Amino acid sequence: MSEFPARAALRLVQPAPVELQPIARFCGHCGNPPTAAQPSTRVCDRCGLGLVLETVVEAAPSRGAPFLVLDTGLMICAMSAAAQRELAVDETEAVHRHVNELLVAADAEPGTRASLADVVVRAARGDGETTTIAVRPAHTFGVFFEARIAPCGPPRAALVVLH
Amino acid sequence: MRFLKTSEAAALLNVSPNTLRAWERRFGYPKPQRSPGRHRLYTYGEIASLRDALHEGLSISSAVSRAREGLTADTHSLVGALTSFELERADVAMEAALALRSLERAVEEVLLPSMDEVAKRQGLDSAPWAFAAHWGVAWLRRAQRLAPPPTRPLSVVIGDATRDDLDPDAAQVRAFELFCVRAGARILSLSARGIQGMGEALAHRDPSIVVIAGNHLPDDDVARWAYNVRLAAGPLPIALFRRGHQPPRVRTTGAQVLPTGALAAQQRLLELVEEFRAAPAAYVDPRDTASDLLPRVARNGGQSSA
Ligand SMILES: [Zn+2]
Numbered sequence: 000m001s002e003f004p005a006r007a008a009l010r011l012v013q014p015a016p017v018e019l020q021p022i023a024r025f026c027g028h029c030g031n032p033p034t035a036a037q038p039s040t041r042v043c044d045r046c047g048l049g050l051v052l053e054t055v056v057e058a059a060p061s062r063g064a065p066f067l068v069l070d071t072g073l074m075i076c077a078m079s080a081a082a083q084r085e086l087a088v089d090e091t092e093a094v095h096r097h098v099n100e101l102l103v104a105a106d107a108e109p110g111t112r113a114s115l116a117d118v119v120v121r122a123a124r125g126d127g128e129t130t131t132i133a134v135r136p137a138h139t140f141g142v143f144f145e146a147r148i149a150p151c152g153p154p155r156a157a158l159v160v161l162h
Numbered sequence: 021m022r023f024l025k026t027s028e029a030a031a032l033l034n035v036s037p038n039t040l041r042a043w044e045r046r047f048g049y050p051k052p053q054r055s056p057g058r059h060r061l062y063t064y065g066e067i068a069s070l071r072d073a074l075h076e077g078l079s080i081s082s083a084v085s086r087a088r089e090g091l092t093a094d095t096h097s098l099v100g101a102l103t104s105f106e107l108e109r110a111d112v113a114m115e116a117a118l119a120l121r122s123l124e125r126a127v128e129e130v131l132l133p134s135m136d137e138v139a140k141r142q143g144l145d146s147a148p149w150a151f152a153a154h155w156g157v158a159w160l161r162r163a164q165r166l167a168p169p170p171t172r173p174l175s176v177v178i179g180d181a182t183r184d185d186l187d188p189d190a191a192q193v194r195a196f197e198l199f200c201v202r203a204g205a206r207i208l209s210l211s212a213r214g215i216q217g218m219g220e221a222l223a224h225r226d227p228s229i230v231v232i233a234g235n236h237l238p239d240d241d242v243a244r245w246a247y248n249v250r251l252a253a254g255p256l257p258i259a260l261f262r263r264g265h266q267p268p269r270v271r272t273t274g275a276q277v278l279p280t281g282a283l284a285a286q287q288r289l290l291e292l293v294e295e296f297r298a299a300p301a302a303y304v305d306p307r308d309t310a311s312d313l314l315p316r317v318a319r320n321g322g323q324s325s326a
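The listed protein sequences derive, respectively, from chains A and B. Be aware that the first sequence starts at 0, since it is given in the numbering used here, and climbs by one per residue. Be aware that the second sequence starts at 21, since it is given in the numbering used here, and climbs by one per residue.
The hints are simulated quantities; they were obtained by calculation from the structure and are not laboratory data. There may be inaccurate statements among the hints.
[Said to hold, decoys possible] Residues on chain B that point at chain A, a partial pick, calculated with CB under 7 Å: (1) N34; (2) V35; (3) T39; (4) A42; (5) L78; (6) S81; (7) S82; (8) S85; (9) Q164.
Values in this document were obtained by computation on a predicted structure and should not be read as measured data. We put the CB at the ideal spot given by N, CA and C, even for glycine.
Make a model of the complete structure from these sequences and hints.
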């Protein structure tokens, strides 16, 4: 006797609908979107000083916003022109430095909110949702930013937009 | 070595020529050299490595930094080869350097710094330095032999005041000679020790300028040699190429001090010859005698007396 029912009931299993989030493109230096809808180069065709990156629309920086791009090792990979002004450091000097040399979590009690490192690493791996935490410039007290952190790329990285 | 014009380099990177020039100002990279007509010339390897780095990068700064790291890797491998006494590996390291740069830049950015590094790490009395010094000087001499024939009416007589190949100035002097030859000059390199037979040596050379290169010989010897060159070849500008000297406080007569880098010195040399041709009296005083010209040549090498 067969272990299987005489008429196997085959059903087409519908995959769970994937939520496709709209993507925004922006320049890692000036923050502007490229002029072309499908740019032929990664270099920003407006300022020529940044590479075009992608993120979800809700996380995209507004034009002229201060933001940083970090990798999974929490190293700085890019800084917008506004972030360079805000944090008083040139991108050419900041790349490959640890983010904590420029920014630290501003929470008085560690553990009360997600740590900057955890959120950045998750975002840089591409599996984080957009998260907002408080940060302050390293070695500076009394100045706070809200940092909106989300995945960006390519290649995979974390976008940290300062407000 | 394959060179690209600005438009070609820009096309390879898929950017405009203006963007490429903006990167040169902002990041100091890519760093072109100039054609005889002063046009920018980029090495293919440098542009190709930047293109790859841009493809994988998150910013121009990080891409430039990555492309530069690729370039410094050549110095590490050459230093490694020299300190392990591996001739073939040293040659291969220079081949790799030449794939990314012009010969001038490969010498200035890889060969000479690697030799300096060996000298600094191991000391000038060490076996690795002896090995590195002989290899470096031989490499530069070979490159000079392979250089194209002279293309300009420029004849340079060099008074070599270095001790021998182990003198840390020797490779700099050979590099300077090589750059002059590659700029189309005819070079006659003589020991600044000897004045015997100098007339014959200079008879068919019609020198445009005399360069005293190196710092080992006593100033009086060098001065005597320079004076004898002038006696044999007529009024000529005299230039000094020595390491560790500051830019010149120019005098109307006596020696001009060339910049310390071999390539910068070669470029200044070409300018000096042009300046001399335009106004010889400003460079050579026909009343100079051995007794007053020559010690001045020597003194001007360092702290020029006004
Ligand atoms: Zn831009």
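Results of checking the hints against the structure:
Satisfaction of the interface hint for B/N34 is found here, the shortest Cβ-Cβ separation to chain A being roughly 4 Å, below the 7 Å cut-off. With a cut of 7 Å, the hint placing B/V35 at the interface with chain A holds, because the nearest CB-to-CB distance is about 5 Å. Annotation: interface hint on B/T39 holds; nearest CB of chain A at approximately 4 Å, less than 7 Å. Against a cut-off of 7 Å between C-beta atoms, the interface hint on B/A42 holds, since the closest Cβ of chain A lies about 5 Å away.
The criterion of a C-beta within 7 Å of any C-beta in chain A is met by B/L78, whose closest approach is roughly 4 Å, and the hint holds. Satisfaction of the interface hint for B/S81 is found here, the shortest Cβ-Cβ separation to chain A being roughly 5 Å, below the 7 Å cut-off. Interface hint status for B/S82: upheld, as the beta-carbon distance to the closest one in chain A is roughly 5 Å, under 7 Å. This hint holds: B/S85 has a C-beta 6 Å from the nearest C-beta of chain A, less than the 7 Å allowed.
The criterion of a C-beta within 7 Å of any C-beta in chain A is not met by B/Q164, whose closest approach is roughly 37 Å, and the hint is violated.
Of the hints listed earlier, the one the structure fails to meet is number 9.
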